[in-house]
Structures are given as structure tokens and as C-alpha cells.
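Trainee: Protein chains in written order, with this note's numbering: chain A, 1 to 320; chain B, 1001 to 1431.
Honestly, the hints are just simulated from the structure, not real lab data. Just so you know, even glycine gets a beta-carbon here, dropped at the ideal spot from N, CA and C. Mixed in with the good hints there might be a few duds.
[As the list claims (entries may be wrong)] Derived, one-sided and incomplete: chain B residues facing chain A with beta-carbon distance under 8 angstroms:
id	residue
1	G1070
2	A1183
3	V1187
4	S1317
5	P1347
6	V1355
7	R1361
8	N1365
9	A1387
[To be verified] Straight line, CA to CA, 20 angstroms or less: simulated EDC-like cross-link-like pairs of lysine to aspartate or glutamate:
id	chain 1	residue 1	chain 2	residue 2
10	B	K1237	B	E1137
11	A	K6	B	E1390
12	A	K318	B	E1137
13	A	K318	B	D1336
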Amino acid sequence: MNSQKKLIVSHAPFLHIGSGITERNLHIIYAALPALLLGGLFRFGIPAIGVVCLSVSTAMLWELLMNRAMKRPVSVGDGNAALIGLLLAMLLPATAPWWLVITGTFVAIVIGKQIFGGIGGNAFNPVALSVAILMVSWKDYFDFNGMLMNYDPDFIMAYPLATLKNFGVSGIEQYSIGDFLIGRQSGGIGATFGIGLILGGAYLIMRGFIRWEISIAYLAGVFVTALLFNLVDPTRYADPFFHIFTGYTLIGAFFLATEDSSSPVNFIPMLIYGAAGGLMTILIRNIGAYIDGTVLAILVINLINPLLDKIRPKAMGKVV
Amino acid sequence: MIKRSFFGFTTPRIQYLPMPGQVTTPAPLKRPDNVTLLVPCPAGDVDDKLVQIGDHVKTGQKISLTSAPGAYGIASLSGTLSAIDRFPGEAGREYTAVTITAAATETLDNAFEDRSEPTLENAAAFLACAPGAPSFEPFTEPDKPIHTIIVNGMDQDLLVMTAQYTLAFRMADIQAGIKFLKAVTGVENIVLATPRDAMHGYGEIGASVMTMDATYPSGLPKLIAQKVLGEEIPNGKSFQDMGVCFFTAEAVASIGRAFSDRQIPFEKTITFIDKQGNRSLVSARIGTPIADILKEYQVSLEEKDRIIIGGPMTGHSIFSTQYPVQPFTDAILLQDHGDIALTSDYPCINCGDCVRMCPARIQVNLLVRFLEAGFYEEAAEAYDLSACLECGICSYVCVSKIPIFQYIRLAKHELGRVASEETATEEATDE
Chain A
1 MNSQKKLIVS HAPFLHIGSG ITERNLHIIY AALPALLLGG LFRFGIPAIG
51 VVCLSVSTAM LWELLMNRAM KRPVSVGDGN AALIGLLLAM LLPATAPWWL
101 VITGTFVAIV IGKQIFGGIG GNAFNPVALS VAILMVSWKD YFDFNGMLMN
151 YDPDFIMAYP LATLKNFGVS GIEQYSIGDF LIGRQSGGIG ATFGIGLILG
201 GAYLIMRGFI RWEISIAYLA GVFVTALLFN LVDPTRYADP FFHIFTGYTL
251 IGAFFLATED SSSPVNFIPM LIYGAAGGLM TILIRNIGAY IDGTVLAILV
301 INLINPLLDK IRPKAMGKVV
Chain B
1001 MIKRSFFGFT TPRIQYLPMP GQVTTPAPLK RPDNVTLLVP CPAGDVDDKL
1051 VQIGDHVKTG QKISLTSAPG AYGIASLSGT LSAIDRFPGE AGREYTAVTI
1101 TAAATETLDN AFEDRSEPTL ENAAAFLACA PGAPSFEPFT EPDKPIHTII
1151 VNGMDQDLLV MTAQYTLAFR MADIQAGIKF LKAVTGVENI VLATPRDAMH
1201 GYGEIGASVM TMDATYPSGL PKLIAQKVLG EEIPNGKSFQ DMGVCFFTAE
1251 AVASIGRAFS DRQIPFEKTI TFIDKQGNRS LVSARIGTPI ADILKEYQVS
1301 LEEKDRIIIG GPMTGHSIFS TQYPVQPFTD AILLQDHGDI ALTSDYPCIN
1351 CGDCVRMCPA RIQVNLLVRF LEAGFYEEAA EAYDLSACLE CGICSYVCVS
1401 KIPIFQYIRL AKHELGRVAS EETATEEATD E
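For reference, chain B alone in the conformation it holds in the complex (with noise of 0.2 angstroms):
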């Protein structure tokens, strides 16, 4: 889809496409046979005095698996509770899977309309699985104050245009929903940032607007804080440690409508990417399957084709066709089994195409050489592997076509399964 160009002595520009012209409202997906809730809490934990295979769910019902605050779903269809199932996520987050077989009618839970009003409180409590997946954890903590929100306006990924048609045309649920999020959080000074070659003119919005570069990686959360801060965030901070925090344009307009409406949204937006490269919006119930989409847009799936959650450079692909639509599902791409660039075993020759090319300034070439060794530990102490901003871009440029964003998620993942480990211990032996 995208490759080098016949120039090569300066390093190449990767640009986030604008949205085309002729995008309108995407209509909704047919209401799905079954949707598939993942409520992030290991199935062991889920209680049968909460909830059981059999009951009954209304449509914006809220399904508490756990007593733990978080560790909820919103029903995205009217039915019965047809399987609750561990489900193992990526790098080792642990799922529990609910499973909504359809009802013949729909009808509306009202629960969220006795606590619509805008309170800290009853946004955690409801909204937390609303399209975009809004966190408001970050104001749970008293002694990390939060003093700026971002309103993400730029796509997380390359080819990726929800954030874009959210900005162009729900600008309304947008400011209905800053104007929400100042009164939940009490936080005054609320950023949007918006990519440069957006439509503007927003009017008063509630909100300063701030404009990011068309090149990637410009839109990863971190370079737009940094952008928005004005200074660099020092390895091993938090965006909380810098009193930021995160909410995609979408989770605002879902914020928005929620607390205007009385009613939590269950359709999420989804940029689809067919085999060709083509693009076009699509609205589902959060849970369908990726089946139900691929059936809508009559994709015949080969043997060994890829289908990808999420953009080319930082998506992740899947195994099934039954994956369903999360409330962060921004994307789904597919790539033919003929388009696919594999990795190899290659050595790195040193070509420096990627430490022209990173971000974060990371001598990716020595790098990689300890990654490669699984000398994870010398890798994050002197070759600044926690500067990452995983945008994926050494991989994509690599001569050897080393999977290197691979190695990199792969080191800091096992990094802090060692501390999370040497803390428990430390715990245990403190008792």
C-alpha cells in the first residue's frame, strides 16, 4: 500500500490519508444474531450471584461480572446470556467473554436514565464500555491530579478515519460532551487536538483547539501531550504523573449523547479497510462479530489472508472471524494473503533506516541486537527502550525486516511481568 519511493537519500514521510470527500453517516449494521461482550476481569474472578447463563439482558443493561468497579459490560442487544467464557487477550490480559444470543424484540434498559446525571460516579459506573471506551480512572486518584484533557482528534493509525468523521460530523455530540466532562471531572482545561488539514471553524466549543502534523506518528497520545505540555515527558512518567489524561473524540461524543440523551450508545464507529485498499465508515453494535461485517460487505475470506483490529502500523491481527467489535475498535483492516510482508530471521545490517526514522530519537540498531539476545534488562538501561512510542515505523522500514516492534512489545512486556513479580514477592515476604 505504501512504499518507498525512487528517492532515497532523505528519510520518507509517512502521511495519515485525509478522510475522502463523499464520507457520509455510515447506517447501522442489521441488529446482529449475537454480540459478544469483553469484560476485562479473568473469568474465574466472574460471580454467580451476579450473573448467569440464561438471564435476561435489556439492551443498555449494565452486566456486573465482578463487585470490582470496572469489571463491567453494557448490553448492546436485548437477550439471553448465552455463554460466559475466559478469553485470553493480547499479551496476556486475561477476558471474560459474555455472549448475547438476540431476543425477538429490543427493548431499552432505563437503569443509566435514573442516574444520568453528570457525576463522576455514574459516568465510572456506566460508560466506561461506551463507544470509544471513555476512562475516568485517572480521577480517581487524589494525589495525581488531573489539570488538562486531551480530546484526541487524530487517528490512532495510518488509513484510520473515525476520529476524522467524528470531528467532521458529530461536532454537537463533541461539545455536548466537553461541556459533560467539565462538569464530571471538574477540569477546566480541556485540549482538542485536531489533525492540520481538518475542517475548522469550530465555533465555541468549550475547548482550545490545537492542530498536530499530517506526518505519522504524530497522533500517538504521547507526541500530543508532549505537544500540548510543551515539554517532554521524562521516561517512566505517566501521562497521570504529568496530569493529563486520554479521551478519543469519540468517547467525548459518546459522553455527550449519553448524558443528553439519558441513554449509554452501543453503535461504534468503524473505519473498514477491504482487500484493495478501499475505505468506508461502518456502524455496529459493540460485540458483533467481525463476521457480521465481512457479510455486510460480502468479503470472501482465503486461507491465510489477515484480518487486523486496529491500523497497519499498530493494530493487531486475529485469529477468527468471531473476534467481536470492542468499545476502542476503531478499525478493521483486511490484507489479502497475497499482500502480506512476512518477517525474517535476517541479522541487522546496520543501514540506519530506522534511527533516521524514529521518533523517540532510540538507536534502534543496537537496539535490537540486545532484543534479540533477550538482554532485556541492558536493553532498557543504556539503549532507552522505554522511550518507545510503538508506532511500528523501525519495523516498517527495516532492509532485514526484523520484526523489532515485535521485540520491543515482547521486552517491555516480559520487563514488567519481572517487576510486577519481584513486587509480589517483596509483598509476600514484608507479611
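Next up, chain A with everything else stripped away, as it sits in the complex (with noise of 0.2 angstroms):
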């Protein structure tokens, strides 16, 4: 029974939807270009663009390093190291010193992500871990009032989040909602321009490479958490359409929270992870002792996530 041509044998299924992992990587990398440029580079011009190639590359090199180092097959061609990158720098000041990136995608990609197994093993998200990190270790850095302080444009560039903090709501009054989406605003090089954002996530979800019920229900839990307080003294906390534009909610709802490997995947367990990371921020932002509590709260619910997960419906046949 032998034939002349060889024939290829596998498993069923002998079909595939055409999916890949460095197709999904790409399509969140270009999501994230329009805040990324029209927000953070068109706006921080050169040291902006230092930061994000320094980021992106060093994150690729990273993976590749360890990738060498733990004798496993190189995995730097799925984007999924470009992205941590290209995320990283997007959280990152744009005058950030060379080391602190450096030591960002070394935490990121190292102890975020490798350590763990690589991609799909990282319980925390890898680049909410390494800002954290970061803002902790050196939080001068993070201080966007002292780190942009050269650029001046013709709008009010103090960071909204550090005015809320230090003025109060009286101190806001000075910003509108209409400037925090058009990316006039202080911030993370690829945190401040709303619109793109917005865009970039709904391009995401609209494709399906990120799911809808994260970040709808992450913004849904910063409204109404930020509402409650702010019904309860309307002079000390600020309204929650500040909350939602300013700081790291936005990139954070839609480019953090839904990082696959760290987030649930069913449907309740995903409304109240995202929820709860939205609750968190505005707690770690009204109460705690941070400016913006985004990356934290994302790191709480992240820790939540197998937990959560535990919500599922009962398999078919199931005899309990």
C-alpha cells in the first residue's frame, strides 16, 4: 500500500479560520498608532520618538535574548515583544531617561512575561507590571509636571490628574473635556490624545482582537464609581468624564485590561473584571496615595483573573 507521492497526514480539523498571533499583535500595534502619533509624537516631537524606538527595540532584544537563553525557539517575529514595547513608551513621559526604558522592557519583557513561559503565561500584564514597577522605584520620573516641564504649548500643560490631587476639584475647573480628546493634555506619550484612543479601541473590538465586555465595562466601572463620589461631595471628588479622559483609563481600558493571557474569558467573569479594574482606579485615585491608580488597579484584577474565571457555565452532561 505504498504510493508514489508522499501525502501529508494530520489531525482533523484539516480547516482553519486564518487567525495567527502575529496578525492579532499587528492589529493592536496599528490601533495604538493613531494616539501614538498624532497624540505623542506629533505633539512631544524628537524625545518622544527616542523613547518609543528605544522601547520597542530593546523589548524585541530582550525576547530575543531570552529566548536564546532559555534554549527556546525565537519568538521575537509574533510582535508580541514590538508591542510591550510600543504600549511601554506609550505609559512612559516623552523626555524618559535612556536607562529607565531600558530597565522598563527589561522588567516588562523579563520578569513580566519570560519568566513565566513567554507569551500566554504571564499572569500579570507585562507592561502595567513594569510601570508600576517603575512609578514605585522612581516615581520623579512619573511626576509629568517635572518631566515636561520644558514643553510649552498653548495649552494648559499640567498634568490634570496631579492638579486634581493637589488643587482639588476647584483646581480642574481651568481644563475642558473637549482638549483631553484631542490630545491637548499632558501625559504618557501615548496616553493623552482620547480620540485615537477611542478609535484604536473600537477598531479592536470591532475586529474581535480585543474583547468588548473588558473595556466597556472597565469604563463603565470608572463612570459609575467616579459619579458615586462625586454625587457624595461634588467639591472634592472630580465628575467622571474627567476621570475617563485623563491619565492612563483610556489605554488602560482598552490596550491593558484586555491583554489576553491576563484576562478572563467568559462572559460574567469579563464584566466584573473589568468593573473591578475600573472601581479600583477611581479608589486608588480618590482615596490612595497615587496620582493615576490605572496601572495598579489593572495589576489587582489581573491577580483576580483566575479567580474570576471560576464563573463558568456548566459543560454539557455535567453531573454534579
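With the hints in hand, could you dock these two chains into one complex?
Mentor: Below you can see the structure in the form of C-alpha cells.
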């Protein structure tokens, strides 16, 4: 029973839907580009370009080094390291020093991802973990007022959340939501341009690369919690829209909380996960010590993710 | 062939393709030079007194290999037995391949003519290798009686249209088959499961008709049985335990034809899907080598192409064009070496696409982690391995291209093997 031609023998199914990890990461990078290019590089210029390039390249380099060190197949080509580097740069101030960027990508790739076994194994979002560690270690470099002092654009360059923390609600009356949406605010390289982030997020949701349940629940969590605070004492707590369009909220909702490996997959857990993230963000901002709690809130929900995913439908024919 | 749509926020729906309008009754393939019958018994058990190389057989003759009742094949060609070989099937199944080389003239065997009274004994003794492979084994267990027979008019996989053809063109045979089935088994409750968009108005066929959804995998037997029974079948319970049994539409048509013509049918209707995805029907004798069908269609096979027996989601690929048509071969699918989707050893990234698509609501993302590590018992206990319907959708949508379906089959096979070994050891110690 030997035929002349050798045939390929493999297991069913013999069709594939055509999705892939590289495609997925590339599309998330594309979705981040509007916010990065128009909001970040255009506004902050050459220093921002330097931070982004250094971050993306060193992230890929750490990935390659770890592949070699751990004797694993080279996974730089899947775009995940580049995506992590890009998102990290988007959260940093444009004037971040080179060593901060390299340390950041080291923490993200090596500690955040590779020591868990690479893509899919990380319990925490590598970017959120990295930013949290950097923020705690060198908090002055995340003081956007100090870092971006030399920029003098035609809008208020004071970091909105810092103003809120230091001067209360009366201090933020000078800001307008419209300015936040079109990127006229201080902040991380890629985190200031509200419309760009929303468009990127909408694109990812529409294409199915991220889950709408997480993003929408996160934003709803931020909104409802901020609204409750605001209703209790409008003189001390900012209105919900301020919270949604400032700091890392939008990039957190669309790009950080939705990271595959550290987020749940079932419907109800995704809603709880997102809403809990929004709640934590506002709790940290309004009654915590930190100016922006988004990355810390995301780490907390990453932590509860495995527990949340235990809320799952009963399998077919399962006898309890 | 079937790709992800641009919009991905809803789960994709995989549809069974309806039969194209221009389909007509397929002309039988020309008489093959040899046929190979795969008989479900190990080659070591073959009884020399019953069968030997060089024996002459007539078309329709029963070839018993051992004294066991199920170990027989029905000659689909008149000629001489030229080889009796061991044939290892998939997942460790053992077959004996009996090859018949054609004689110059066709002669029909008349053993069945004398035994064509519609009784369970006659049906089980002669019809198990008829097209559609009707199995009468469920009726031999008196402590687990069958109360419902489901005639499965749904094709078992995407692109396949053998069952649709049978429903559309062979309703008279099915109707006769249902009548004989009632006589043979004594079961009065017969349900015909049909696709939603099938032609209706069958008239009085002796069975109630139930329509199934056009979305894959609604045609899988377990989902049909659950719809018919109106309840979920608990894991670990077989169809036999639930009192239902399945016959494919073609099997019922074969039964009808056999008892009315007093001849065992041997022409199998096969959906042939070429490399471009064009579908047509072909009628071939059971045992015909696939190579004969490829020759008929003038298919040029290249290195690293793939030949699949059955459909694209649940079929199995074969390594040789000499593989024969079997009684349950509903489709032959060809894939060009350029179109083959390969699997990868990337880890699960936890995207959740499989979980959202799984018809059995299994947490595939968790399950696959255990299966990759070889923890089959944990997978079965805590992550619902046994609930799997084996539809293949999880592998189909997997972003990491993990061969999840293969892992699941392997795990089930290994668990089954371990369980049977344990029972064997227990029996040995008892004695």
C-alpha cells in the first residue's frame, strides 16, 4: 500500500479560520498608532520618538536574549515583544531617560513575560507590571509636571490628575473635556489623545482582537464609581468624564486590561473583571496615595482573574 | 475555504452548505480491478478453515473471517481473494484487509435471497457492511432496550452532501427502510432528523420528522439525540443507556433496498470535493481504492497534498491512495499542498475564542493546558474532557493553531486504554 507521492497526514480539523498571533499583535499595534503618532510624537517631538524607538527595540532585544538564554524558539517575530515595547513607551513621559526605558522593557519582557514561560504564561500584564515597578522605584520620573516642564504648548501643561490631587475640584475647572479628547493635555507619550485611543479601541473591538466586555465594563466601572464619589461630595471629587479622559484610563481600558493572557474569557467574569478595574482605578485616585491608579488597578484585576474565570457555565451533560 | 469575517466581535457561525441545485443521481464508477474490504477483526484471529487466499467469491457473498458474528465482509466484486493482510486502523483499531481481484464476469451470490425475511438475525448477519454501515448491535443488549431510532439525515461534516442527496433522491428507499426497521427491531418510535432547509412534504413515511439547525455542529449525533430526547445526555452515558440508536439516512435506504430487492447493496454514495472546493457525488463499490476515484476525476496528486476521508472538521487523512472506500465513507476531500493549514507548538494565549465557540461549554483554554502536559486524569475530572462532542471547532478557531482536537482524542484514547487495561488486570487477579 505504498503510493508514489508522499501525502501529508495530520489530525482533523483540516481547515483553519485564518487567525494568528502575529496578525493579532500587528493589529493591536496598528490600533495604537493614531494615539501614538498624532497624540504623542506630533506633540512631544524628537524625545518621544527616541523613547518609542528605544523601547520597541530593547523589548525585542530582551525577548531575543531570553529566547537564546532559555533555549527556546525565537519568538520575536510574533510581534508581542514589539507590542509590549510600544505600549510601555506610550505610558512613559517623552523625556524619560534611556536607562529608565531599558529597565522598563527588561522588567516587562523578562520579569513580566519570559520567566512565566513566554507569551500566554504571564499572570500579569507585562506593561502594567513594568510601569508599576518603575513608578514605585523612580516616582519622580512619572511626575509629568516635572518631566514635561520644558514643553510650553498653547494649552494647560499641568498634568490633570496631579492638579486634581493637589488642588481639588476647584483646580480642574480650567480644563475642558474637548481638550482631553484631541490630545491637548499632559501625560504619557501615547496616553493623551482621547479620540485616537477610542478609535483604536473601537477598531480592535470590531475586529474581535479585544473583548468589548472588558473595555466597556472597565469604563463603566470608572464612570459609575467616579459618579458615586462625585454625587457624595462634588467639591472634593471630580466628575466621571474627567476621570475617563485623563491619565491612563483610556489606554488602560482598551490596551492594558484586555491583554489576553491576564484577562478572563467568560462573559460574566469579563464584566466583573472590567468593572473591578474601573472601581479600583477610581478608589486609588480618589482616596489612595497615587495620582493615577490605572496600572495598579490592572495588576489587582490580573490577580483576581483566575478566580473570576471559575465563574463558568456548566459543561454539557455534566452531572454535579 | 472558510475564513474569519472582517468583523469579529460576535462568534463566527459555521454553516453546513446546502446541496447545489444541479445535483443528479451519480453514475456508478466503472468496475474496479480489485476491491479491499476492511473487516473489523485482528488479522491473527482469521480462521483458515473459513477463508483462504485463492477462494472464489461472488458479488454479494458474505466472507466470514472468524466465527464471531460481526467479523465479516460482503464481497462487492466477483473474483478471487488475492490477499488477506493486517490493516492497522486509526487510534489502534485492528482490521483485516481482504483484497478481491476481479474475475472476468460478475456473478451474484444468492445466500441473502434465501434469508431476506426482515428479521434482526438476518439483518445483523448480512447488512452490517451495507452502504451507511447499519449497526444492529444496540438491539442485542436486552437489559438496555432501545425505545427510539433516529434516522440521521444530517451530514456529519461541512461540505458533505451524501445524507442530503439520500434524503432528496432516495426517499422511497428510506421509507421502505423505516418499514423494515420497525419489523426487524420492533421499535415503533422512529425520528428522521433533517436539515432545516431540506425539501419537505415527505408524506407518510412512518417516522416523525425533526429539523436541525443549519449551523455546525448541530448534526452531530449527540446534539441530535439531545434534541430528540429533549434533555442533555449526562456524561458517561451512551446512546444505548439513553435508549436511542442511530442509523444514517443512507443506512436506512440500504436496508430498504436490501429487503425489497433481496440483494445486499454495495454501491456507496460519496461526496467528492476537489482541490478547488467543487463538490460532486460519485457512486463507488465498497472497497474501491481511492485511486480509482481520483483517476475518474483525473486528479493530479502532488507531493504533500492531503486526502481526507470524511469532512474537513472531523475526517481523517490517509497516507495512501490505495485506501479503500468503506461502508461509512461519506466524503473524500482533497487539499492542495499550498492550502494546508498547519498546526504549531505555540502555547495557548488565553484569547478565549475556543471557549466562546465550544458547543459543549468546555473551558478549552484550561483543558488544553492539562492535555499539553499529559495530565489526562485531571483533565477528565475537573475540566470536562468527557463532555467533548469532537466537533473540532476549537482547533479551527485557535489563534495559536494548537491541535486541540488531536490532544482531546489522544487523551480520550489513552484514558480508555488505561481503563481497559485496569479491567483486564482486575479480571486476571479475580481468576
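Trainee: Work down the list of hints and note, for each, if the structure agrees.
Mentor: Here's how the hints hold up against the structure:
Residue-level restraint check for B:G1070 is violated (minimum Cβ-Cβ distance to chain A is 24 angstroms; threshold 8 angstroms). With a cut of 8 angstroms, the hint placing B:A1183 at the interface with chain A is violated, because the nearest CB-to-CB distance is about 33 angstroms. Residue-level restraint check for B:V1187 is violated (minimum Cβ-Cβ distance to chain A is 24 angstroms; threshold 8 angstroms). The beta carbon of B:S1317 is positioned within 8 angstroms of a beta carbon in chain A (closest approach about 5 angstroms), and the interface hint is therefore held.
Evaluation of the B:P1347 hint against chain A yields a held restraint, the C-beta minimum of about 4 angstroms falling below 8 angstroms. Annotation: interface hint on B:V1355 holds; nearest CB of chain A at approximately 5 angstroms, less than 8 angstroms. Checking B:R1361 against chain A by beta carbon gives a least distance of about 5 angstroms; that is within 8 angstroms, so the hint holds. For B:N1365, the interface hint holds, the least distance from its beta-carbon to any beta-carbon of chain A being 6 angstroms, beneath 8 angstroms.
For B:A1387, the shortest C-beta to C-beta distance to chain A is roughly 4 angstroms, which falls under 8 angstroms, so the interface hint holds. Between the alpha carbons of B:K1237 and B:E1137 the distance comes to roughly 17 angstroms, so the proposed pair stays at or under 20 angstroms and holds. Simply put, A:K6 and B:E1390 have alpha-carbon atoms about 28 angstroms apart, too far for the 20 angstroms limit, and the pair is violated. Under the criterion of a C-alpha separation no larger than 20 angstroms, the hint pairing A:K318 with B:E1137 is inconsistent with the structure, at around 27 angstroms.
A hinted pair counts as satisfied when its Cα atoms are at most 20 angstroms apart, and A:K318 with B:D1336 does not qualify at roughly 40 angstroms.
Going through the hint list in order, the structure does not satisfy hints 1, 2, 3, 11, 12 and 13.
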